[in-house]
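S.K.: These are the residues of each chain, in order.
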Amino acid sequence: MSEPNAVSQAQAAPAGQGGPLVEVKDLRKHFPIRRGLLSSVVGHVKAVTDVSFHVGEAETLGLVGESGCGKTTVGRSLLRLVEPSSGTILFRGKDITQLSNAELRPFRRHMQIIFQDPYSSLNPRMTVEQIIAEGPLIHEPGVSSAQRREHVMELLRRVGLPPESADRYPHEFSGGQRQRIGIARALAVNPSFIVCDEPVSALDVSVQAQIINLLMDLQAERKLSYLFIAHDLSVVEHISQRVAVMYLGHIVEYANTTDLYADPRHPYTKALLSAVPKRSPDDVKERQILGGEPPSPISPPPGCPFAPRCPIAQPECSKKLPELEQMGAPSHFVRCPLVK
Amino acid sequence: MAEGEKALLEVRDLRTHFDTDAGTARAVDGISFAIAPGECVALVGESGCGKSVSSMSVMRLLPSPPARVASGQILFEGRDLLGLSNAEMCAVRGKDIAMIFQEPQSALNPVFTIGDQVAEAYQIHHAGSRPREAWEKAVAALRSVGIPDPESRAKDYPHQLSGGMKQRVCIAMALICSPKLIIADEPTTALDVTIQAQILDLLRTLRKEHNLSLLLITHDLGVVAEMADRVCVMYAGKIVETAPTRELFAKPLHPYTQGLMRARPEPGSSRHGRKRLAVIPGLVPAATQFKDDCRFRTRCPLADEKCGSEPALQAYDGEHCAACWHTSAAGVQAWDARDAKGGPA
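Sequences listed follow chains A and B, in order.
Residue numbers for the first sequence, in my numbering: 57 to 396.
Residue numbers for the second sequence, in my numbering: 2 to 346.
Everything labelled a hint here was simulated from the structure, so no lab data went into it.
Everything numeric in this text was worked out from a predicted model, so none of it was measured.
Incorrect hints may have been included.
To be verified - One-sided and incomplete, this derived list gives chain B residues near chain A with beta-carbon spacing under 10 Å: (1) LEU85; (2) GLY223; (3) THR246; (4) SER270; (5) SER271.
Said to hold, decoys possible - Okay, derived cross-link-like pairs now, DSSO-like style, lysine-lysine, Cα gap no bigger than 27 Å in a straight line: (6) LYS209(B) x LYS341(A); (7) LYS334(A) x LYS209(B); (8) LYS276(B) x LYS279(A); (9) LYS375(A) x LYS396(A); (10) LYS252(B) x LYS334(A); (11) LYS276(B) x LYS334(A); (12) LYS252(B) x LYS341(A); (13) LYS341(A) x LYS276(B); (14) LYS138(B) x LYS156(B); (15) LYS209(B) x LYS307(B).
Unchecked claim - Distance windows between CB atoms, simulated: (16) GLN315(B) x ASP338(A): 21 to 27 Å; (17) PRO367(A) x ASP157(B): 23 to 29 Å; (18) PRO66(B) x TYR225(A): 24 to 30 Å.
We treat Cβ as the ideally placed atom computed from N, Cα and C, and that holds for glycine.
Looking at chain A on its own, in the form it has when it is part of the complex:
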């Protein structure tokens, strides 16, 4: 599938800076389903289909959508933790999809990830110091152990953990503290780009606020770029400059945060925003409850993936997948011709 030219041009030209830090073009990941004695391929889970976006220097792109929409697969594909089926991923203009593992290694230190579950993402048999120092050990082999420890101490201080944490094990920490350890681990190799895969979803609201503030402070200090994956729309609005909304493997709307929240166009985005619980009992909210559930990505519906649940669907919606088209603000793209 080819995006219209207007989209590719707008996506390729972010404000100033001379080119985006990360640029993704037509990323596709279809997981084969194998059955039987010969493990023959009987179908595909079409997790991500032809997704394109960019992340500028010191910018946060929010990626929102519900379970199974492919947002985590996008995040992992960017780091090649999942091998993309097709498409290109440019990091500072260099295509990293074709690199061998050895060639990829110098890039890995620039691209890090923070995981959702602070319980399963830290090795329980390693001390916090070992966890944080593991990246530098690989990427900066020449450094003395005293310097390395000093570096770990500095990171712990920065993420708000006491220095004595270095010799403790992950089980001794609460969820929020573990997420701080995960952040320190990502920062240890001085990356310029971090994929934050639902970093606050498992945390209580007061702790969630602490971690969001920390991520935003670090971004300001170190000029970090984030791909911020989440299902919580208010958190994404708070932290992102731009937002992409995914549904069943496709980006259905892509815009500056302000435009997306003030003027959502795609029926799915509207439904998603209206499903967020009220902030206070006196809020008046236009309530639109979507019927049904997302279809299976193994056999997605023909045409627009949202058509079966869409309140304004027309017969032609099920014939052809609509293109992402610019509507409203110059950098606002919507995959629905009916709302033009």
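Keeping the supplied structure of chain A fixed, place chain B upon it in accordance with the hints.
M.R.: Structure of chain B alone, referenced to chain A:
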């Protein structure tokens, strides 16, 4: 609950403690609340505040040992559930009080069809009913919770259904014996936001239809705003504030409630300029370390020497009660001052 109204459930000074190697964990430490017929009361608080232990204590589902109800009364229609024999309690559970759990996938048995599981709940409380009758009741219950084509879906196994559908099955199971009270423990936490909206809508409709009372356990103030008539905010095993929902959101009195409300990202933040989120510094004390002081004092911007003794829940404005020595608008100002200083990240 208005004066003179008869409570359906009344919990009085409930203390549920756990005996652990590290000492006694006072998970629930003297809470009292009541639910009127047809009313929805929310217990809201963060992980470990004791809200789930409270609901499990009402259902008497906690294994003992290590759990131990150290004191209190749980009056359901005037009868103390803590005094019932196991057999008597079994007759209450599922019949008068039913429960919906957070994770529908672990609440259902994977090796029985959903029809069988819903019918089982009916048969247990209707001894002598014919299997055919129970099955028909189950199908009707599945239809009433919005499962399409219930006759054939009743023969499905749980793994054939999505999370939202499984939660609907759990609700059907809870409803089949027409209980008076449903305890819903984080019923939508495991679900996506559009499915959450569906399930909350379903619970609202069913409440109206059957005049159900609902005890809603949640950490999400948004869900509280959507559903509850009254709220009890829990912190470290205590109820620190209770009020009709509107009043709580309009004028939170306890510094913890104020902090919780302020920690939520503001909608429209992208337009109005982003601010740092307000945070509640520090951590909840461990349940084995609770002392007889105000348990929020280590994190509270208003704390002083007075807070070394425990404040009781006091009525401030009709039914609006808070447990704080300094309850006032001063709380909001103190948070503002702390944020302006740029407190710990």
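S.K.: Could you run down the list of hints and mark each one as holding or not?
M.R.: Checked hints:
1. LEU85: At 35 Å from the nearest chain A Cβ, LEU85(B) fails the 10 Å test, so the hint is violated.
2. GLY223: This interface hint holds because 3 Å falls under the 10 Å limit.
3. THR246: THR246(B) check passes; min Cβ-Cβ to chain A is 5 Å, inside 10 Å.
4. SER270: holds (5 Å)
5. SER271: SER271(B) check passes; min Cβ-Cβ to chain A is 4 Å, inside 10 Å.
6. LYS209(B) x LYS341(A): Answer holds: LYS209(B) to LYS341(A) is near 20 Å, not above 27 Å.
7. LYS334(A) x LYS209(B): holds (20 Å)
8. LYS276(B) x LYS279(A): holds (18 Å)
9. LYS375(A) x LYS396(A): holds (18 Å)
10. LYS252(B) x LYS334(A): holds (17 Å)
11. LYS276(B) x LYS334(A): holds (21 Å)
12. LYS252(B) x LYS341(A): holds (21 Å)
13. LYS341(A) x LYS276(B): holds (24 Å)
14. LYS138(B) x LYS156(B): Status holds; Cα separation ~14 Å.
15. LYS209(B) x LYS307(B): Answer violated: LYS209(B) to LYS307(B) is near 45 Å, above 27 Å.
16. GLN315(B) x ASP338(A): 21 to 27 Å: Taking Cβ atoms as reference, GLN315(B) and ASP338(A) lie about 25 Å apart, which means the hint holds.
17. PRO367(A) x ASP157(B): 23 to 29 Å: The hint (23 to 29 Å, Cβ to Cβ) holds, given that PRO367(A) and ASP157(B) are roughly 28 Å apart.
18. PRO66(B) x TYR225(A): 24 to 30 Å: holds (28 Å)
The structure fails to meet hints 1, 15 from the earlier list, while all remaining hints are met.
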